[in-house]
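A.B. asks: Okay, here's what each chain looks like letter by letter:
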Amino acid sequence: EDQVTQSPEALRLQEGESSSLNCSYTVSGLRGLFWYRQDPGKGPEFLFTLYSAGEEKEKERLKATLTKKESFLHITAPKPEDSATYLCAVQADGNTGKLIFGQGTTLQVKP
Amino acid sequence: EAQVTQNPRYLITVTGKKLTVTCSQNMNHEYMSWYRQDPGLGLRQIYYSMNVEVTDKGDVPEGYKVSRKEKRNFPLILESPSPNQTSLYFCASSSRPRGLGKEANYGYTFGSGTRLTVV
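Protein chains in written order, with the working numbering: chain Z, 1 to 111; chain A, 1 to 119.
Only chain A is shown next, with the shape it has when bound in the complex:
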């Protein structure tokens, strides 16, 4: 089954304790992204990657790191988590657009989410 898998689904941690949320996709997608979702703020992009070893900042990258050493994996790293990083996190992946307009033929698949609480 084509899917994006995130782990863990739920995580409670303490301020300052480094953590990693894993994301893996089995669709051979070039593009991968991380988002956080907060009430009243919607989905905001943290980081994205267009291919192996190519990453770029989204709208809210502060306090996060990512790496893309393999095409299928895109872990999200919080080196020193703080309470304001308590949120629902989603990973997503997509194939590269194949052209312009309808020829592009692409769309993003999201994981089931990781609910992180930092106390």
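Chain Z extracted, bound-state conformation:
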């Protein structure tokens, strides 16, 4: 069964304290792995799509990496405005419309 597990469930950081969020997945052939940011009461905001092991993508203080079993979202020197819930989702080969989400990691960055 296709599955996505994110850890930790919640993370508190001081401003400037770098860390990583984990997304472990089990899928029968990966078509794409997606990272989203979600603010309370709002729709998920697209960050990255990763397609194959070894791929990396960056956007400002965020960097996403992918292996055959997991993806990491590295946050370098976070700021309070980075506080949000970060969601990981996978799409399997063949299931071109189905997207499976993890539970998310809620990040709080304190000034």
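Hints were generated in silico from the structure; no laboratory data involved. Fair warning: there could be bad hints in the mix.
As the list claims (entries may be wrong) - Here are a few chain Z residues that sit away from chain A, every Cβ distance over 12 Å (derived from the structure):
1) Glu17
2) Lys69
3) Lys79
Claimed, not checked - Capping the alpha-carbon separation at 25 Å, the derived lysine-lysine pairs in DSS-like fashion look like this:
4) Z/Lys69 to Z/Lys57
5) A/Lys65 to Z/Lys98
6) A/Lys65 to Z/Lys42
7) A/Lys18 to A/Lys69
8) A/Lys57 to Z/Lys98
9) Z/Lys59 to Z/Lys110
10) A/Lys65 to A/Lys18
11) A/Lys57 to A/Lys18
12) Z/Lys110 to Z/Lys98
13) A/Lys17 to Z/Lys98
14) A/Lys71 to Z/Lys98
15) Z/Lys68 to Z/Lys110
16) A/Lys65 to A/Lys17
17) Z/Lys110 to Z/Lys79
18) A/Lys71 to A/Lys18
Unchecked claim - If you only want the chain Z side, here are some residues facing chain A, beta carbon under 10 Å, derived:
19) Arg31
20) Pro44
21) Phe72
22) Leu87
None of the values given here were measured: they were computed from a predicted structure. Beta carbons: idealized from backbone N, C-alpha and C, even for Gly.
Starting from the known structure of chain Z, arrange chain A on it as the hints suggest.
C.D. replies: Only chain A this time, still in chain Z's reference frame:
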């Protein structure tokens, strides 16, 4: 502006009264989906559509209907809402992957959400 538009943003209704939540996208996307988000359960897919007149069930389709008569619209229909359908609903759309790996070049855009309460 490229966007997915859902209406209404908030809706309170009574058990059994049919309702429709509309979703429209202006990006000419082939793929569209509906999700519900509940505390502790995360985002779960209700239905998805890969093109006009092509729809399929997601993980939690019971009690919902969809239709895809036009490429831009994908309404979610609750024919007889019940309190357990109280949730935050999101519509999303994406272009069709153009190939494999990096060539696929696609990602999903989400709407702002519809908060539904069924009493």
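A.B. asks: Are the hints correct? Go through all of them and say.
C.D. replies: Hints, verified against the model:
no.	hint	result
1	Glu17	holds, 26 Å
2	Lys69	holds, 18 Å
3	Lys79	holds, 24 Å
4	Z/Lys69 to Z/Lys57	holds, 17 Å
5	A/Lys65 to Z/Lys98	holds, 17 Å
6	A/Lys65 to Z/Lys42	holds, 24 Å
7	A/Lys18 to A/Lys69	holds, 20 Å
8	A/Lys57 to Z/Lys98	holds, 9 Å
9	Z/Lys59 to Z/Lys110	holds, 21 Å
10	A/Lys65 to A/Lys18	holds, 11 Å
11	A/Lys57 to A/Lys18	holds, 20 Å
12	Z/Lys110 to Z/Lys98	violated, 36 Å
13	A/Lys17 to Z/Lys98	violated, 29 Å
14	A/Lys71 to Z/Lys98	holds, 18 Å
15	Z/Lys68 to Z/Lys110	violated, 33 Å
16	A/Lys65 to A/Lys17	holds, 14 Å
17	Z/Lys110 to Z/Lys79	holds, 8 Å
18	A/Lys71 to A/Lys18	holds, 24 Å
19	Arg31	holds, 7 Å
20	Pro44	holds, 5 Å
21	Phe72	violated, 18 Å
22	Leu87	holds, 7 Å
The structure fails hints 12, 13, 15, 21 (numbered hints given earlier, in ascending order).
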